[in-house]
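Top line first, the protein sequences correspond to chains A and V.
Per this note's numbering, residue 1 is the first one in the first sequence, and the count goes up by one each step.
Per this note's numbering, residue 1 is the first one in the second sequence, and the count goes up by one each step.
One or more hints might be untrue.
In silico SDA-like pairs for lysine to any residue, Cα to Cα no more than 25 Å straight-line [to be verified]: (1) Lys350/V - Glu33/A; (2) Lys350/V - Glu45/A; (3) Lys165/A - Lys292/A; (4) Lys349/V - Leu8/A; (5) Lys449/A - Glu460/A; (6) Lys60/V - Glu460/A; (7) Lys478/A - Lys349/V; (8) Lys391/A - Glu369/A; (9) Lys235/V - Lys291/V.
It is worth saying that the hints were derived from the structure and are not from the lab.
Chain by chain, the residues run as shown.
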Amino acid sequence: MNNQDQPLVFEMSTEGRIGYSLPEMDVEAISLEELLPTDYIRIEEAELPEVSELDIMRHYTALSNRNHGVDSGFYPLGSCTMKYNPKINENVARIAGFAHIHPLQDASTVQGALELMYDLQEHLVEITGMDQVTLQPAAGAHGEWTGLMMIRAYHEANGDTKRTKVIVPDSAHGTNPASATVAGFETITVKSDEFGLVDLEDLKRVVGDDTAALMLTNPNTLGLFEENILEMAKVVHDAGGKLYYDGANLNAVLSKARPGDMGFDVVHLNLHKTFTGPHGGGGPGSGPVGVKQDLIPYLPKPVLVKKDGQYMFENDVPQSIGRVKPFYGNFGINVRAYTYIRSMGPDGLKAVTENAVLNANYMMRRLAEYYDLPYDKHCKHEFVLSGRRQKKLGVRTLDIAKRLLDFGYHPPTIYFPLNVEECIMIEPTETESKETLDSFIEAMIQIAKEAEENPEIVQEAPHTTVIKRLDETLAARKPILRYQS
Amino acid sequence: MTKHRYLPMTDKDQNEMLDAIGVSSIDELFSDIPQSVRFQGEYKIKPAKSEPALLKELTKLAGKNADAKRYASFLGAGVYDHYQPIIVDHVISRSEFYTAYTPYQPEISQGELQAIFEFQTMICELTGMDVANSSMYDGGTALAEAAMLSSGHTRRKKILISNTVHPESRDVVASYAKGQRVEVVEIPHRDGVTDLDALKELISDDIAGVIIQYPNFFGRIEPLKEIEKIVHEQKSMFIVSSNPLALGALTPPGKLGADIVTGDAQPFGIPAAFGGPHCGYFAVTNKLMRKVPGRLVGQTVDEDGKRGFVLTLQAREQHIRRDKATSNICSNQALNALAASVAMTALGKKGVKEMAIQNIQKAHYAKTALQAKGMEVVFEGPSFNEFVIKLPRSYREINDQLFAQDMIGGYHLGLTYPELQDHMLVAVTELRTKEEIDAFVQELGDSHE
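The task is simple: from the sequences and hints, build the whole structure.
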């Protein structure tokens with residue numbers, strides 16, 4: 001990485017330079033004063049930078065050199081599925097017939113796009129074991145909210161208005177309770193048992209006639225498969241509630257277990273995770289939602305249908321929860337996911353999960369000697385370690401994460417899930433070679449030894465990055481959220 | 001095991017790894033999945049295709065779509081065919097950006113963090129606001145979040161929204177409002193702009209926020225100055241949804257008293273892509289800084305006092321607040337915010353203004369030429385790059401006729417405004433040449449005669 005400070009693009013600005021090439025002005029240029037009321041003509045120009053094209057390219061190249069992506073190196077960020085982002089996906093999404101079509105064009109002029117969406121939906125129906133899929137939600141959390149709104153509409157349509165509570169495990173992603181709140185529900189937490197799974201007795205205790213749904217990730221955020229899933233489904237269904245599947249961890253079970261066969265009524269997927277989105281520095285994602293038969297009437301509209309060989313959008317969906325996003329979802333991400341699924345095929349997707357799980361178990365077993373392993377059983381696509389042994393030596397999990405930066409790795413997810421002390425959550429994914437896994441394991445072992453023999457080197461890490469640990473308290477206490485000259 | 005270019009494990013690797021784990025087969029690792037829920041066999045989906053075969057198939061599929069590279073598009077309605085500086089795609093194709101995730105580890109994410117900090121600054125500059133976040137999904141959901149923020153902040157449960165706001169955004173606001181049990185009431189328009197008398201009738205001290213689009217869905221410039229007074233008199237919040245490109249030429253909402261400004265940065269370097277991914281933005285006054293949904297990047301210093309950037313004020317967000325959070329947004333549109341930043345940088349201070357003005361002038365040229373051909377322009381008045389015409393024949397007929405001449409016609413307003421059957425919302429951006437506009441005018445003029 002480049003160690004030079006990179007000025008802000010505003011600091012590079014020089015009056016009189018330009019970086020654009022607008023089309024020739026070939027119609028009469030009438031002055032704005034003649035076209036707009038004076039009050040609405042901008043007087044002060046927006047202070048955007050004035051830089052040449054090469055300056056811009058160098059600026060962003062310098063910034064990219066100060067950024068770590070999957071293509072830069074190993075990125076075992078748990079629960080985020082940082083797998084390789086295939087390049088063909090990028091090429092396909094940029095074909096003019098996909099990139100430069102307008103969502104409000106007549107359906108007859110975009111049959112190729114609709115066919116792709118329809119076929120992707122069909123593929124996701126088969127992969128999840130659900131009955132129908134919508135591609136409208138923009139990301140995972142958006143899908144959660146969409147799914148919960150459908151569950152709410154379902155209960156309300158049945159006159160079942162006292163179902164105001166959504167149950168989530170204590171190990172759930174933060175988006176789960178937040179989505180429940182935004183969908184108008186109250187969140188109830190169900191405890192995990194000593195094995196890291198949902199405590200069935202506690203579930204029975206919290207379930208009742210006010211239960212709208214149970215939200216679950218399976219395998220859960222500890223990387224463990226909820227073995228009692230059918231029993232849990234029965235408890236919730238018997239009480240009249242619905243079962244919601246958070247698809248963040250679907251990479252663990254492709255071709256091994258389908259949410260639809262486990263009793264789930266609603267599923268969201270994160271196409272930017274399991275289906276190689278890519279992650280884009282934080283987005284855009286895509287969060288399709290799949291449902292079982294009895295929830296189909298509530299799907300967001302419009303619904304994509306095929307009639308007489310023609311694809312079209314159906315707006316006449318009287319029980320729909322309505323529109324959750326302008327247009328039809330993050331189509332460009334859906335194109336990439338479709339390309340990925342078609343690149344893998346059924347046998348390929350099966351191999352994805354098998355390798356992802358093999359890699360995670362291999363790393364877990366090799367590291368178990370050096371770090372505490374809170375749940376000693378086969379994991380699925382990810383696993384958690386605890387840094388409590390190192391903490392006693394004065395080395396916190398945060399320090400371990402920062403020390404990994406010196407080895408050129410993106411650290412695992414840390415301090416999540418919340419029910420494991422000094423948590424380190426590792427998800428290697430299937431696209432990493434054994435050599436990469438071994439090198440990372442060696443680095444982790446070395447850090448464990450350093451914690452014992454030379455803790456300062458870990459506590460003061462990172463030593464090699466362009467910048468040292470940043471003062472986050474200062475950032476929050478005296479927020480500077482924009483450049484000011 | 002299946003060989004695939006994305007899967008590096010050899011049989012030898014796998015055997016060594018199984019030995020290290022202490023199991024004899026991969027299947028054993030799945031023994032915790034009860035047989036009763038085990039999926040047997042393989043998915044019934046299409047078989048894998050090789051890279052060349054798949055590229056060929058999908059290129060052919062894309063060829064079934066009429067794209068704006070082959071057709072001259074007069075369709076806007078919230079998504080526009082604009083000049084996209086070529087440099088944008090080169091920057092966002094740098095995989096250090098697009099294969100990274102949320103910059104949780106600032107020491108190795110300074111590139112992304114700084115780029116977003118610059119994006120936040122540019123959005124503030126264009127909108128005239130104090131604080132902008134790192135992006136939202138799109139303009140519609142950003143607007144819905146703004147409505148929810150106003151309800152939470154004022155503790156009032158009713159929103160007014162002008163029906164000159166994009167119909168799909170209004171739909172999304174309605175869906176979000178349902179979730180939060182907030183009532184939404186529409187303000188009618190008069191001659192294509194928000195009816196101020198109706199607004200005065202509807203406003204009261206139980207209104208959380210009033211939503212206006214500027215320029216509005218019909219392309220018209222709304223009288224924000226007058227509206228602001230009416231809204232703030234009742235201590236309601238003034239929420240403006242704005243096309244950020246238009247703000248290159250128009251007085252920014254921040255200068256006209258807006259509390260929240262949202263919109264979509266799609267006009268800046270982001271392809272239409274059949275409606276997404278685009279890039280919502282969210283900007284507020286300083287007073288609302290701690291109420292903003294989504295991620296914020298802030299400037300700070302490292303241990304040596306060196307300037308650096310971090311995600312900040314995270315106590316607002318779902319991963320900290322969980323069920324107390326007021327928004328559930330996690331993933332946003334970071335890569336598209338980067339694209340918009342590069343486009344805004346390339347256009348710069350002069351280019352953004354020039355491009356905005358070109359839109360106004362070209363749309364004006366088209367409007368005048370159509371009127372000269374005897375076409376009726378409805379809602380006549382100051383506008384940005386769109387205007388409404390009453391078609392002499394059915395929309396369908398005329399749209400097909402345009403399509404036959406390699407043109408994509410404007411939006412059929414009859415779809416969302418029943419009283420505007422066979423009215424077309426025409427968009428003319430800087431990319432439409434005089435030749436294309438003249439051909440469009442000719443075609444419509446002929447339909448008239």
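Cross-check of the supplied hints:
1. Lys350/V - Glu33/A: Judged against 25 Å, a Cα distance of about 18 Å means the pair holds.
2. Lys350/V - Glu45/A: holds, 8 Å
3. Lys165/A - Lys292/A: Holds: lysine 165/A and lysine 292/A sit about 21 Å apart, inside 25 Å.
4. Lys349/V - Leu8/A: holds, 15 Å
5. Lys449/A - Glu460/A: Measuring from Cα to Cα gives roughly 15 Å; hence the hint holds.
6. Lys60/V - Glu460/A: Violated: lysine 60/V and glutamate 460/A sit about 55 Å apart, past 25 Å.
7. Lys478/A - Lys349/V: violated, 29 Å
8. Lys391/A - Glu369/A: holds, 16 Å
9. Lys235/V - Lys291/V: holds, 17 Å
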